[in-house]
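**Student:** Residues per chain are reported as follows:
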Amino acid sequence: MSRGPRKSVTEPTRGYRVFQGVNGVILTLVVIVTLYPFVNIIARSFSGERQIRAGEVTLWPKGFNLTTYKIVFEDDAFWRSYGNTVLYTVVSTVIAMTLTTIYAYVLSKRELRGRGLLIGIAVFTMFFSGGLIPNYVLITSLGLKNSVWAIALPNAISVFNLLVMKAFFENMPKDLEEAAQIDGLSTYGILWRIVLPLSKAVIATMVLFYSVSFWNSWFSAFLYMDRTELMPVTVYLRNLIAGATTGSNSGAGLDQLSQAAANIQSVTIVLTALPILAVYPFVQRYFVSGVMLGAVKG
Amino acid sequence: MTTSAMTGTPPLSAPVQDPLPPLRPPSGKRPWRQALRRDWQLYSLAVLPILFFLVFRYLPMIGNVIAFRRFEPGGSILGEDWVGLRYVEMFLNDPAFWQVFRNTLWIGFLTLLFCFPVPIVLALLLNEVRRTSLKRFVQSVSYLPHFLSIVIVAGITMQMLASDGPVNHALAAFGQDPIRFIQEPEWFRTIYVGSEVWQTAGWGTILYLAALSTIDDDLYEAARIDGANRWQQTWHVTLPGIRPTMMTLLILNVGTFLAVGFEKIMLLYNPLTYPTADVISTYLYRTGIESNSFSYAAAIGLFEAVIGLVLITSANQMSRKTVGTSLW
Chain A
1 MSRGPRKSVT EPTRGYRVFQ GVNGVILTLV VIVTLYPFVN IIARSFSGER QIRAGEVTLW
61 PKGFNLTTYK IVFEDDAFWR SYGNTVLYTV VSTVIAMTLT TIYAYVLSKR ELRGRGLLIG
121 IAVFTMFFSG GLIPNYVLIT SLGLKNSVWA IALPNAISVF NLLVMKAFFE NMPKDLEEAA
181 QIDGLSTYGI LWRIVLPLSK AVIATMVLFY SVSFWNSWFS AFLYMDRTEL MPVTVYLRNL
241 IAGATTGSNS GAGLDQLSQA AANIQSVTIV LTALPILAVY PFVQRYFVSG VMLGAVKG
Chain B
1 MTTSAMTGTP PLSAPVQDPL PPLRPPSGKR PWRQALRRDW QLYSLAVLPI LFFLVFRYLP
61 MIGNVIAFRR FEPGGSILGE DWVGLRYVEM FLNDPAFWQV FRNTLWIGFL TLLFCFPVPI
121 VLALLLNEVR RTSLKRFVQS VSYLPHFLSI VIVAGITMQM LASDGPVNHA LAAFGQDPIR
181 FIQEPEWFRT IYVGSEVWQT AGWGTILYLA ALSTIDDDLY EAARIDGANR WQQTWHVTLP
241 GIRPTMMTLL ILNVGTFLAV GFEKIMLLYN PLTYPTADVI STYLYRTGIE SNSFSYAAAI
301 GLFEAVIGLV LITSANQMSR KTVGTSLW
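So the protein sequences, as listed, match chains A and B. In terms of the UniProt record's numbering, the first sequence has 71 at position 71, counting the first letter as 1, and numbering is strictly consecutive. In terms of the UniProt record's numbering, the second sequence has 50 at position 50, counting the first letter as 1, and numbering is strictly consecutive.
These are calculated hints, taken from the structure and not from any lab test. Be careful, since some hints might not be right.
Okay, the calculated bits of chain B under chain A, using three or more residues with CB under 8 Å as the criterion [said to hold, decoys possible]:
id : region
1  : 46-54
2  : 58-72
3  : 99-109
4  : 122-136
5  : 278-292
Over 12 Å on every C-beta distance to chain B, these chain A residues come out as not near it, computed from the model [as the list claims (entries may be wrong)]:
id : residue
6  : 56
7  : 65
8  : 76
9  : 80
10 : 106
11 : 130
12 : 137
13 : 170
14 : 207
15 : 227
16 : 228
17 : 232
18 : 281
Note that the Cβ used here is the ideal one computed from N, Cα and C, for glycine as well.
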């Protein structure tokens, strides 16, 4: 980052200029390799069946049509699963934010007796976990199957996020809290009225972390949701990919169905990724700063 | 992640870490009763989170005892009665287990071999870019796959490799016959590692770029005065500067060696590719949850978790001894 100014001190050698050229080519390739699959999938989602089969679709739709979008939009199962994803994401994020925030606040109090133990309880779970089977047995016997709680509760605290928030609270100036304490505010009052309003940045970052990970998650739902009407859109997509469902019960004609078979996956991929892609350019820097905070302090 | 310099830690303090007991700050250790009376509101806030950890993290750890007990679905989550090491012997004598064990080692090894160094190289290349706007752009693009659901990544991977996908069309352009990538066992490892690199390489550069930005410019200045060329500067200044980050991430990578990307394999594999794709975690998923052999699968899961813990502990110890970087 800060290596720019050095160039003026010594003349760049010929070898270094060659390196810069090669470096530019490599990084351009990185960008192309990263972006091409996205662009291609988007182009396919708008393309005709015949053109896809013939391999004509690269960066731009060929045989432009909205048939597949229409089929997907008319499919109740798709909308139901999309709605489920929204519901699961909101409920899970609210619970996760509540538990993570209050625990991070407690852990940020350096003078608290037993703090080391409270941190240890959390950190140990980063390195050792019960594993798939005992978790499955637990969730099943708690009767959480086929409910949003099977997704929300077992994932309520991500220890990484917890450490990020703890680091943030630790770095907050203590004067305001002390003043509020003298004014007779309870711990709950201090957290709610003083600390949280000053923590909007980290709260926004954490909400993003959690909601993106809940939006993207599929395996909990795949394990614990037996009924198709409870699937989130990621499991709907997974079943499409695995060929487990036809994806369409809209009574479309045969032509439409063969069209669908070819690129209904592309359309579903685009629609599932859409919310993430739409907010990504604006929120990317929050993610980066959140990870930095966690890495430096965690 | 803490980095303790080798000089600071006495070599024999490994098992018990109790630094400087006599000097306790006056506010540090107050009696429990006093602490409870003063901070009960803080402790009350901790109740729900602790309940979460006990029920959803520690109870499943204890639940692993079903690896040594007879378990009946619908019965107690801790099983019915002791059967000793029956299930452990069972999987140790199961050729199918050793097949998936070998597959896991292979995939874990290849993942480590590619997914660990690629972000370092990419970060070093990005670090040499002089135009900030260009650097930002490459970073933003390369982080993107990290934010997408693994289902989407798997879906994209399969579309790219489908018989009518871009890769096969490119092969056709060179006169090659189409390859049924997703059905061929010999292609699975390549596909898995490739998609893993595609998804993680960009995001993996973040910590390295942060470490690179903290390297003091004076060090480069001094190296240049000593006559070091660019390559020597990279070798003697840049790489040592990011070594703690490299070691930390290497330890973490080694710790998750056996826990290869279970979800991605679940999405990408199929019965045709089981010979190379089936790993410990997918095997225990199928035996445990699809075939209801909970105890047998729990025994395998416990085996995997213990090895993971041993791996990360030894990697941590080794790193502490050799380069002075450790997680704890």
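**Student:** Please name the hints from earlier in the document that this structure breaks, with their numbers sorted from lowest to highest.
**Tutor:** 3, 6, 10, 11, 12, 17 and 18
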